[in-house]
Amino acid sequence: MPIHILPPEVASQIAAGEVVERPASVVKELVENSLDAGSNSVTITVEDAGKRLIEVADDGCGIPIDQLSLAVERHATNKLDGPEDLHCIASLGFRGEALASIGSVARLTLTSRTTDTDLGANLQVEGGHASRVLPLGSPAGTVVRVENLFYNVPARLKFLKHDQTERRAIDKLVTRYSLAYPLVRFSLHQDGRLALQTSGNGNRREILGTIYGVEIARQLIEVISEDDWIQVLGFTSPTSLTRSSRRELTFFVNGRPVKDAALSAAVIKAYHTLLMVNRYPITILFLKMPPEMVDVNVHPTKAEVRFREPDRIFSSVQRAVRRALLAHSPVPNLEFQPHWSDGAAWGEPHTIDPTWGWRDIENQRKEGGAIPEGSSPTPGSQSPPITKSGLGAQPAPLLRPVGQVASTYLVAEGPDGLYLIDQHAAHERVLFERVMKQRDSSIPSQILLQPVAIDLPPYETRLLQEQLDILGKIGFQVELFGHNSFLVRAVPAILENHDPAASLRLLVEDFEEDETPLQAELEARIIARICKRAAIKAGKNLSPEEQRALLTDLEACQSPRTCPHGRPTMIHLSVDLLERQFGRRGSR
Numbered sequence: 137m138p139i140h141i142l143p144p145e146v147a148s149q150i151a152a153g154e155v156v157e158r159p160a161s162v163v164k165e166l167v168e169n170s171l172d173a174g175s176n177s178v179t180i181t182v183e184d185a186g187k188r189l190i191e192v193a194d195d196g197c198g199i200p201i202d203q204l205s206l207a208v209e210r211h212a213t214n215k216l217d218g219p220e221d222l223h224c225i226a227s228l229g230f231r232g233e234a235l236a237s238i239g240s241v242a243r244l245t246l247t248s249r250t251t252d253t254d255l256g257a258n259l260q261v262e263g264g265h266a267s268r269v270l271p272l273g274s275p276a277g278t279v280v281r282v283e284n285l286f287y288n289v290p291a292r293l294k295f296l297k298h299d300q301t302e303r304r305a306i307d308k309l310v311t312r313y314s315l316a317y318p319l320v321r322f323s324l325h326q327d328g329r330l331a332l333q334t335s336g337n338g339n340r341r342e343i344l345g346t347i348y349g350v351e352i353a354r355q356l357i358e359v360i361s362e363d364d365w366i367q368v369l370g371f372t373s374p375t376s377l378t379r380s381s382r383r384e385l386t387f388f389v390n391g392r393p394v395k396d397a398a399l400s401a402a403v404i405k406a407y408h409t410l411l412m413v414n415r416y417p418i419t420i421l422f423l424k425m426p427p428e429m430v431d432v433n434v435h436p437t438k439a440e441v442r443f444r445e446p447d448r449i450f451s452s453v454q455r456a457v458r459r460a461l462l463a464h465s466p467v468p469n470l471e472f473q474p475h476w477s478d479g480a481a482w483g484e485p486h487t488i489d490p491t492w493g494w495r496d497i498e499n500q501r502k503e504g505g506a507i508p509e510g511s512s513p514t515p516g517s518q519s520p521p522i523t524k525s526g527l528g529a530q531p532a533p534l535l536r537p538v539g540q541v542a543s544t545y546l547v548a549e550g551p552d553g554l555y556l557i558d559q560h561a562a563h564e565r566v567l568f569e570r571v572m573k574q575r576d577s578s579i580p581s582q583i584l585l586q587p588v589a590i591d592l593p594p595y596e597t598r599l600l601q602e603q604l605d606i607l608g609k610i611g612f613q614v615e616l617f618g619h620n621s622f623l624v625r626a627v628p629a630i631l632e633n634h635d636p637a638a639s640l641r642l643l644v645e646d647f648e649e650d651e652t653p654l655q656a657e658l659e660a661r662i663i664a665r666i667c668k669r670a671a672i673k674a675g676k677n678l679s680p681e682e683q684r685a686l687l688t689d690l691e692a693c694q695s696p697r698t699c700p701h702g703r704p705t706m707i708h709l710s711v712d713l714l715e716r717q718f719g720r721r722g723s724r
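Read in order, the letters of the sequence shown are residues 137 to 724 in the working numbering.
Just so you know, the hints here were simulated from the structure itself, not pulled from any lab data.
Take these hints with a grain of salt, some might be off.
For each label pair, taking beta carbons as the anchor points, the in silico distance ranges come out as [unchecked claim]:
id, residue 1, residue 2, range
1, Asp252, Arg188, 17 to 25 Å
2, Arg575, Leu319, 48 to 56 Å
3, Glu157, Asn414, 37 to 45 Å
4, Val350, Arg625, 19 to 27 Å
We treat Cβ as the ideally placed atom computed from N, Cα and C, and that holds for glycine.
Based on the provided sequences and hints, a complete structural model is requested.
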């Protein structure tokens, strides 16, 4: 094929692929245009996860009639004049690509009127071809209506994720901008339902209450720090309020939402020694600095930035968060002395109570992931290696309890050596197999004396609604109660001594960990997470009778060697290994 110039419509579609990746990309570009126009109110309407309709209406300055057709041309912008402006960008948009890119892969209608005129106008763009401008009466501001997204590039539609995932992405996006611009009234409607609405009164904590619920918003710690050229403002959660992933680490630089691994690392570093492993805070930080200190011209989506002095920014963020944490709650001086408990007394075997309300002293240990196949957590420990499959299905040996180490691990003697048992992982396995057996009949449920209300962010509300039937099968009674709120009326019996709201939040986090939470294994995965929360925790002293009961129940399990998440419940130290370690059979 000879070298030739691509047709304009093909070049536009290729370029659009860098800007318009999914429906949320369209919402992002249009919302940023509205904010750059000085809007006080932005209304977003979405249908069919954005594939059928995305409409963004604002009350900003509007576009003059004589510039309306120019606005949909590629590289047309009023935010830059020359190359020198690229080094100090103060606006959200500047590339002049958004409307042109959207118009090349959708049917776009642009209606606008400036505040100093009585007549507005509109034009339509379809497949990159614009119609003529038609004058018409309209309110001041701009309305951009995007219909049939990717209608002319059907291959792109096939790569979109599940509708609920696309809706969730839009929810999160609008949520972030509402936090960054508290003086702007945001309204988001998805498929006829109001997903988010803010007042625009400038109170960020009020917006946090709308998103996360009043209780969480009240707990968040305010972060305020400012030095010569960088200002760090925002909120972060106390050590008692955490999440299972980094998704709730949100950053804005000069009003622009960004993804930056260094900023996330700075926040996590600020919590060093204060959180359990694999637990993360809720953090929303707004960084303000001179525009010339940050380069936003890195990627067409403008989600990545480069800092002129990254080390200095890292230190500023870390100090700001750490200072806020220490001011809110000084770090206690903990002295934890591991000890051996007396395992000489033996009681009659009995079933361990699955509803024990023991206090969770999780900060006294670090719960790691599954041990890689063939690895040795102690010298020459496993024999054979522990893996998620294979050994997990082997029966447990008959064990005689000897004692407890660090209020976390049981020591037991078996027919072929010594065993160290993780009491939390072992109890998880016991509860999991017990509940899975009850699933075929009826999982016991505990009715609450007083229903408990829980508020969730819009994207989590949608997730929970879609899983109410599954939750009902495993012992929960949850019903929608107003806007983004739910009432918990009953919980599984093994959670009766736990906070119902906190337990439900953990399950919602689990839904988020998978893009297709309606898979057949979801019910078992939810039960595993419930059992993890209900199981006895590290740091709990067990009586000899309780130790014996736990070992007896573990011996009866079908897969006693691993917890439901694949982590080993026990480590074996063979007699041969012990003899070698003590020099009875020579050195290795």
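A quick look at each hint next to the structure:
no.: 1; hint: Asp252 - Arg188: 17 to 25 Å; in the structure: violated, 35 Å
no.: 2; hint: Arg575 - Leu319: 48 to 56 Å; in the structure: holds, 51 Å
no.: 3; hint: Glu157 - Asn414: 37 to 45 Å; in the structure: violated, 29 Å
no.: 4; hint: Val350 - Arg625: 19 to 27 Å; in the structure: holds, 20 Å
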